[in-house]
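Asks: Protein chains in written order, with the numbering used here: chain A, 1 to 754; chain B, 1001 to 1151.
Among the hints, erroneous ones may be present.
Computed cross-link-like contacts, DMTMM-like style, restricted to lysine to aspartate or glutamate with a CA-CA straight-line distance of at most 20 Å [said to hold, decoys possible]: (1) Lys-296/A to Asp-686/A; (2) Lys-1144/B to Asp-686/A; (3) Lys-205/A to Glu-1090/B; (4) Lys-262/A to Asp-1016/B; (5) Lys-296/A to Asp-1016/B.
Keep in mind the hints are simulated off the structure, nothing from the lab.
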Amino acid sequence: MIATEKVIIENISRRGFLQGMLSAGAFVLCARLIAEPVWAAASGGAGSVGASAFHPSVYVGIHTDGVVYIVAHRSEMGNGVRTSLPRILADELDADWSRVTVVQADGDAAYGSQDTDGSHSVREFFEPLREAGATARLMLVRAAAQQWGVPESQCVADPVHFVSDRSSSRRLGYGELAALAAKLPVPKKEELKFKSPQEWRYIGKPAAGYDLTDVCSGKALFGMDVRVDGMLYAAIAHPPVLGGKVGSVDDSATLKVIGVKKTIPIDPFKPPHAFQPLGGVAVIADNTFAAFKGRKNLKIEWDNGSNASYSSAEYKKELQSTARQPGKVLRTVGDPDAEFAKGGKLVEAEYFAPHLAHASMEPPVAVADVRGEKVTVWSPTQNPQGVQEEVAKALALKKENVTCHVTFLGGGFGRKSKPDYAVEAAVLSQKIGQPIKVIWSREDDIKFDYYHSVAAMYMKAALDDSGKPKAWLQRSVFPPIGSTFNATEVYGGAGEMSMGWSVVPFEVPNFRSENGQAVAHVRIGWLRSVANIYHAFAVQSFANELAYAANREPYDYLLTLIGSPRTLDVPQGPAGIGEKYPYDIGRLRRVAEIAAEKANWGKRKPGKGSGMGIAVHRSFFTYVASVVEVEVDDQGVVRIPHVYTAVDAGIVANPEMLRSQFEGAAVFGTSLARTGEITATTGAIDQSNFYDYQVARMNDAPRQVDVHIVESMAPPAGVGEPGVPPIAPAICNAIYAATGKRVRELPLMRNGFS
Amino acid sequence: MVHFKVNGRAQMFDGDPEMPLLWYLRDILGLTGTKFGCGMALCGACTVLQNGKAIRSCSKAMSTVEGLEITTIEGISANGPHPVQKAWAEVNVPQCGYCQPGQIMQAVSLLRSKPNPTDVDIDDGMAGNICRCGTYQRIRAAIKTAAKETA
Chain A
1 MIATEKVIIE
11 NISRRGFLQG
21 MLSAGAFVLC
31 ARLIAEPVWA
41 AASGGAGSVG
51 ASAFHPSVYV
61 GIHTDGVVYI
71 VAHRSEMGNG
81 VRTSLPRILA
91 DELDADWSRV
101 TVVQADGDAA
111 YGSQDTDGSH
121 SVREFFEPLR
131 EAGATARLML
141 VRAAAQQWGV
151 PESQCVADPV
161 HFVSDRSSSR
171 RLGYGELAAL
181 AAKLPVPKKE
191 ELKFKSPQEW
201 RYIGKPAAGY
211 DLTDVCSGKA
221 LFGMDVRVDG
231 MLYAAIAHPP
241 VLGGKVGSVD
251 DSATLKVIGV
261 KKTIPIDPFK
271 PPHAFQPLGG
281 VAVIADNTFA
291 AFKGRKNLKI
301 EWDNGSNASY
311 SSAEYKKELQ
321 STARQPGKVL
331 RTVGDPDAEF
341 AKGGKLVEAE
351 YFAPHLAHAS
361 MEPPVAVADV
371 RGEKVTVWSP
381 TQNPQGVQEE
391 VAKALALKKE
401 NVTCHVTFLG
411 GGFGRKSKPD
421 YAVEAAVLSQ
431 KIGQPIKVIW
441 SREDDIKFDY
451 YHSVAAMYMK
461 AALDDSGKPK
471 AWLQRSVFPP
481 IGSTFNATEV
491 YGGAGEMSMG
501 WSVVPFEVPN
511 FRSENGQAVA
521 HVRIGWLRSV
531 ANIYHAFAVQ
541 SFANELAYAA
551 NREPYDYLLT
561 LIGSPRTLDV
571 PQGPAGIGEK
581 YPYDIGRLRR
591 VAEIAAEKAN
601 WGKRKPGKGS
611 GMGIAVHRSF
621 FTYVASVVEV
631 EVDDQGVVRI
641 PHVYTAVDAG
651 IVANPEMLRS
661 QFEGAAVFGT
671 SLARTGEITA
681 TTGAIDQSNF
691 YDYQVARMND
701 APRQVDVHIV
711 ESMAPPAGVG
721 EPGVPPIAPA
731 ICNAIYAATG
741 KRVRELPLMR
751 NGFS
Chain B
1001 MVHFKVNGRA
1011 QMFDGDPEMP
1021 LLWYLRDILG
1031 LTGTKFGCGM
1041 ALCGACTVLQ
1051 NGKAIRSCSK
1061 AMSTVEGLEI
1071 TTIEGISANG
1081 PHPVQKAWAE
1091 VNVPQCGYCQ
1101 PGQIMQAVSL
1111 LRSKPNPTDV
1121 DIDDGMAGNI
1131 CRCGTYQRIR
1141 AAIKTAAKET
1151 A
């Protein structure tokens, strides 16, 4: 059912195409990448790319029939990359979008990083995609000029998908020009003529998802849906405590289940756990149900190891205690201690946010087929090269021998950046000599996640006579992501600390940020917007608390804190990224003003139990403000009739995708604020499925989320994640406005709200 | 041995009677449009129609399907997209899309019993279907669009 054969066309790297325009790595990868997508073959969709096809760049090939193939080397998980990225290229190419076929790339180091996380796909590839499109267009124009024997200046790529001769009515389609264009040298970048923003055909214009029809018809191939000939199914009993091992196994009842073939032990990991399988016992069966049922019948004595002492309730106290003590200093401005010593109005507050699980609708799943030295993996993954690397490591093979086909992802949110489940499938396939599909149940997903960090934050400010903070101290403590890769890591990494913690976007003359240490007892990973979640919760809640302490109207006070437009002095990111993306306080202020204006802030009289809250946050270089409206009844039931979000993400590739991402982010933020909580007792996770790890349903999600996009020509920034951080603090600030009750520890359900 | 119909075609099954319909559809018939989300009828990703009414196939044992007419997303419409699918596309509902077949099946069932659903009807009808991407407001809009078009 799944076609594994790929149609390899010409190797354009050998012919020197595009050198100097893209990095050498990106260039080579193109030629190897034009492949038939597994789902296109499965659904009898796209035809193959023939040997005479023209492939002028890493990302695009134009077939002689005029079909334009554009490679998506990032993963589609609802983020819209299979739509937004190709449309950038198609725009500069002046291609007809209805004649574009998007081809999903396998994992290949030649692409450079394919990690689809950190909200950087458009940010990173906006320019290369435009260059690729513009190059292809110019070569087509030159091909036409050569064909007609007229000067190039006389030819123009107009109408869409054609080149016309201005001096006559002649025109040639892109398909007709492909073979000739393929023989032309690649123009230099200086020769390219980029379209002006006014000429953009697709960039900045709303477009529905490329895969919309397949998704609505149930034809889109997710990892869960992959079926290959001879495939068996596996469910794995994982050690309930991180680092635990199998003591003894009795599989006699398992082997009696209809459809169960055998059980296979999986070795425990060697610390650090990183992306290695957790170990345990796999049940191999000829269907998923038999594997699940067989697993239920296993009798396993576990040797739980040292993390069995982990209790999240005790751990919370430890984190809070650490947060009250001086920590590692990240950044100091002025002399906050001297100001605190002078007295005045001091405000202190402690905040807490628990572990979270990703709970993507499609649990982790992968199919692997190991044949001697060669491995083929089909996986819903945000990190196909990670799959290659980890599978190769586990099987002691070369990475090049591992092919990773990327399916649609039924949600990712960072979980599917970690390829442990694909490694499990490969390890088992090698042992049984047959293709195997490893399926995680929802319980596996909730109990064996790479959890978003639990975090405790301590905040302190001294206010001057006008109520403005003259000194500000903030300290956060959380088990870091680094602990996943280095078992002894106890401090947050540069990435985590840059996420809303090293600096605050406020006018504060004396400031210090700190980080305290915390030892991890579960696997820590990144989850949609990562450390921004708890950091924004603390900073934006505290800003709101200060408003009341200063007897000021909260929105007005927030604007005072933000202050006048200026560039914030922020530690530089990698490769000059800070220069391209300065922290522009004016843009932050603007989104706050727009969100408040759209919400009619201060102009509506709230009813009993109603209130509005606002929070602002910049993450992934995008400026966001959300105003949340709540209604709280006498029983503490919180309803959210409206969220008003204003976004400045620079140039927006596809406003439709931006809107849906921010609508969804409001729901994601609502879930974590209301009910998001993972706890552990004697080292094992307490939650297991959607009844005890609840996520927002239609009736408790915000009823309406309005997304207002700030028109901007700044470089494109992130869209997938930055909508999440302001939601929880804005909800809590709204609840305070509505009820006078301050929520300092998430989730709401632990505060008498539901 | 149980006899039943899936998408109008007669089928029979004599395997483990405890097997949920979901895994029969997916692993044995290869109809993978119906998704696995929770296995406990908590999320609605596995929603199919039983004699026209939405059920959770993950919690429907094969021993209980005798004589039933089951419809999956693959069998929802013989000629082109169903009006609900059209509405889903018009409103551009999906993000990752994994839950959407279940959402669509639930909406089809809802509209059969309530051709002009109110917001409360939609909440009541759809609250059992989780979308982790958070497409709820578009789902609501699409159901209203479909209601108008089929009215």
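Asks: Could you run down the list of hints and mark each one as holding or not?
Replies: Structure-based check of each hint:
Between the alpha carbons of Lys-296/A and Asp-686/A the distance comes to roughly 18 Å, so the proposed pair stays at or under 20 Å and holds. Restraint check for Lys-1144/B and Asp-686/A: not satisfied, since their Cα atoms lie roughly 39 Å apart, outside the 20 Å limit. Restraint check: the Cα-Cα separation between Lys-205/A and Glu-1090/B comes to about 16 Å, which is no more than 20 Å; the hinted pair holds. In summary, the hint linking Lys-262/A to Asp-1016/B is supported, as the alpha carbons are separated by about 17 Å, within the 20 Å threshold.
Pair hint Lys-296/A plus Asp-1016/B holds up; C-alpha atoms about 15 Å apart against a cutoff of 20 Å.
Checked against the numbered hints given earlier, the structure breaks only hint 2 and satisfies all the rest.
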